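So the sequences go chain by chain: A, B and C. Throughout the first sequence, residue numbering follows the working numbering, covering 823 to 1633 in sequence. Throughout the second sequence, residue numbering follows the working numbering, covering 15 to 298 in sequence. Throughout the third sequence, residue numbering follows the working numbering, covering 282 to 442 in sequence.
Don't read these hints as lab results, they were simulated from the structure. Heads up, some of the hints might be wrong.
Straight line, CA to CA, 16 Å or less: simulated EDC-like cross-link-like pairs of lysine to aspartate or glutamate [said to hold, decoys possible]:
id	chain 1	residue 1	chain 2	residue 2
1	B	19	A	961
2	C	314	A	857
3	C	428	C	408
Keep in mind that this is a model prediction, so the values were computed, not measured.
Here's the letter readout for the chains.
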Amino acid sequence: MTTMERPVLPKLIGARVKRREDPRLIRGRATYVDDIKLPGMLHLAFKRSDVAHGRIKRIDTSAAEAMPGVVAVFTGKDLMALPGATRPVGARGTYAAKIGAGLPPMPIGTPFPSPDHYAIAPEVVRYVGEPVAVVAAEDRYVARDAVDAIVVEYEELPAVVDPELAMQGQPTVIHEGFPNNLALPYVPMGTGVDPATGQVDNSAIDRAFAEAEVVISQRMVNHRVAPNAMEPRGVVAHWDAGKEFLTIWSATQNPHILKSMVAAVLGLGEHQVRAIAPEVGGGFGCKINIYGEEYVAAALSRILERPVKWIEDRSEAFMATIHGRDLICYLDIAARRDGRILGVKMKLIADIGAYNMLLTAAIPTLTMLMASGTYDIPAIRCELTEVFTNKTPTDAYRGAGRPEATYFLERGMDMLARELGLDPAEVRRRNFIPKEKFPYTTQTGAVYDSGDYEKALDRVLQLAKWDELIAERDRLRAEGRLVGVGLAFYVEVCGLGPSSSLPTGGWEHASVTVERDGRIRATTGASPHGQGNETTFAQMLADLFGVPIEHITIEHGDTGVVRQGIGTFGSRSQAVGGTALMMAGEKVRKKMAKFAAALMDANEEDLVFENGMIYVKGSPSTGKSFAEVARYAYVPVPLPPGLEPGLSEEAFFEPPNNTYPFGAHICMLEIDRETGEPRLLKFFAVDDCGNVINPLIVEGQVHGGLAQGIGQAMFEEVVYGPDGQLLTGSFMDYALPRATDFPWFELDRTVTPTPVNPLGAKGVGEAGTLGSTPAVVNAAVDALSEFGVKHIDMPLRPEKLWRIIHGRGQA
Amino acid sequence: MIPTKFAYRRAASIDEAIRLLQESGGEAKLLAGGHSLIPLMKLRLSEPALLIDIGRIPDLRGIRERDGLIEIGATTTHHELATSELLRRLAPVVSEAAAEIGDPQVRHRGTIGGSLAHADPAADLPAVMVAIDAEIHLKGPNGWRTVPAESFFQDLFTVDMQPDEVLAAVKFRPVWHAAYAKLHQRASHYAIVGVCAALAIENGTIRSARVAVTGASTHAQRLPNVEERLVGRQPTQAVIDEAASVAGDTLEDVNSDIHASEEYRRAMVKVFTRRALERAVARA
Amino acid sequence: MSDLVPISITVNGRRYELEVEPRLLLVHLLREKLLLTGTHVGCDTSQCGACTVLLDGRSAKSCTVFAVQADGSEVVTIEGLERDGQLHPVQEGFWEEHGLQCGYCTPGMIVSVVDLLNENPNPTEAEIRAGISGNFCRCTGYQHIVKAAQYAAARMRGVSS
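This is chain A alone, in the form it adopts within the complex (with noise of 0.2 Å):
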């Protein structure tokens, strides 16, 4: 027994916890992909194409298999290892046989038709990146030059840019078998659309437009921009051809996805991959994705036997990894002359570029679901068209589909309020979703778990002092300058699943265990990559099992390590990861409960866990440490009837619902009348993301969405030229926000927490890209508001403004 005094532990659920992962980082001893150095490691290196649409007529590949230091050439035709392939692949004979029947076309996760996608383009390229050939050498600049010494002939066939054009089948069809590159053609969602039979009854939306006192009517462009995740993407294959075992680490969001997907593009079984997200440089969407690159790097090391690397360059980023948004919406809301909105139309068309990837189809579907926003909207119709074009395909970049639903209907909501002479505020209020009517089901079937919107609006406008700013921007007009306000409501879906809304499966896994001398390892599925899992998590059980944080260790990441998992997106780590995490641990927690009730001879439901402690309520002086009973389920003797020796548990946790975290951001921005530049003076967040285990983690999470959301709005652009040439290839063309483009953030919270699961966390990783896009163009559009602007198209590149304040027209 043991009666030493025992300092009291705080609670850390809720406090500013300094991050566990961050020593490792700011030492400069963590380990990224590219840190990873096998014995005998080749490196790998891909020539890409130059065009945006052709079809490859010849690749001589001699000269580079002749350089020193090159092992292996492969084009995608020898990749797929066709039967009856009439030359030998790579400089060191045939490898063809190897692979079998070679690398199948990539899978994707949704359920729509998809055009073949191979990992390296056999025969016709379609946009500018896409791989044509890979190099395999003994080091990374012999590699490079390999690359430029493969010569590539194409016939060059017309670039399709223009979605609008595409759908038309103009300039040409990407893909045999999609008319008119027409990936997904028409998809109703809303008011009188049965989602079982697809059928439209369009009386209720026809009824909302005809009642209308006031319609809006507006297209918008939600552009296409690139993630840029600060580490590019990057991959260490290993084939142990004795143990035919495949260990593959990858800057990936999922890595247990990405084990089930190598698998089956190998041809093997899942018990033979292990997958590694070591330390990962961000993801924002774009890590979600399972790449060519990782394909053909499994199968070269296979092929090969030797390890391989491939670390992708930022030019090569710009063209070969996943894109986000790009959505062109037309807007029609009807409203009555009180500003009551009565119906919303968002007739969709979604530029996906080239292919099919994971998820891409899947995004825009997403805006159709959030279109109802934070209001109570009697009839919505939502249409979609899905277009290839020569471009990079997108796929989720943080937000992913939400972020264009909030800027469409936010957009809307200032033009209503303008068309009606209301304050944008108030236009809002009289629409919101009352909290008694929670949970409330959407007319596009979002079941929204919780909110409070009001109160968060009336937060964000104290926090503003609104109309000490409004009062502000008129002063500052009246010096002539153009200073506009802007305020935007969000809501978001997140903690994704359930099941049945992801096609890996929306669940995750955990696994909690007490060792033999009372430390605590936890597993979770959820891998992150910034988060800071590895202390939100360490504080949940820190709480949960009354020990110090610095006993726990939360490991992630490794499908070796962490038995099942699905991964780190849709803002789900918290809602779905943390309350796995949380099952897991109660499991462990009850059963040692059970081990110290035996030892105390105590009833195991009075038991407390504290200070390092386990003991009777009431009786701290006489409890057992932490240790000892940890000591005893390992070595139980006697052991207690019904119980197996062992504190390890894991558990999988399917939630019943996605969360719905919502908030507002109301922010002052200038515009130089001489030129056009904007400048961002403030900025104002408050975000609900329901409970909050760490505030500090929070508010990182929150500042970084705002801004990508900002940057999007004012800066960031992906331009291809009218012939599908990327013409904004590297950070010389493509504005990156740096820390000058900022104002101070100020931030503040409300709390509303979700029943759907038992933490009350909603999620927030997205959050932040939600609210500030909109936010930051209603200020623009505010600022240029005695120009008689009624929209303006992001981003707010000065010659836009420019060209509207001096009544120049378009470019």
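Could you slot chains B and C onto chain A? The hints should help.
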């Protein structure tokens, strides 16, 4: 991104650099800070067979005043320009423009000689050198040669410099009524338009005026019609406005890209000319 | 034509004599030859600053320096900032103020802040933002990095006064 192979020699003196240049038969490039050249080599847009490193030649570095002239060695970094006490006293516009280049790390390595010899159409310092009437001092196999900055910049990435010459220094007279105004390209931090105005104001009258623009066209060049409207007149707002209103009207081959159309660039030449003139006049 | 060139370079106080290909970039020398992988590569156009190290005392983008140019120079990388097992105040600031998320830009960012504070021990918010304008961060929105720099500045002034 990895450059192609090259041979490397470090020159201990200007003369050795010239000799190495001659021996290379036009296949060599000079390397100092490398902040113009290395990015091009990494993108394989430049593939020299030999790099001659002049970064350690003592004569090439430093800022001094001699015989009424300010002399800046070619391998002096932008950061040294931006923080030079001597320049802030005698030619603050040079410091001001250098402080607008790139970012701190780039300014620590990038050199004035590299920037001028490379002659990127959107670089800042060429406009400044043209406006303050700097002389470019070149040394070649036949000795020294001096070229006015105005005629040094000839075309896109093209300067009056032989393949076996070394840009050793720039020299110019102290200049106070001068200012540089720049519209930043948000991504690269190069100039969409940059205008440098250098005036001599005596007894309330503009005695001489040189105004040069970068970013707008193929190379840095003067705006003679602006200058004409300034000389002999008082530096009033009306005079400045009038002069700025014709800025760029003489420019040909005005650039147009995703960041700025020709129309916008032309308008910005006027705006930034006016801003540069206002600041030049205001500078006591 | 591109024979190896002998160089001598001091990195984090340790002197190395090496033979390198002239085209070897300093960042690859650090990462691949000296196995100092704390310095990262985030772009190929000298913009992002992930590769920032101190080169003869000043911040420099090691992706835009050939190793041969650093012959005879002194380099300090993220791994060389600690003293006697104690974090540098700037490292401490990043930890205290949550100045990092994914950590990829962090080593370069920290080195830039060290350089900034060496030159300007008491910077304003605007000066801090300008001082890190050669470093991209995609995660933090920079605000906590600014706070980290402020924290470090206060600590360093406190220590030296």
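Check the structure against each numbered hint from earlier and tell me which ones fail, lowest number first.
none
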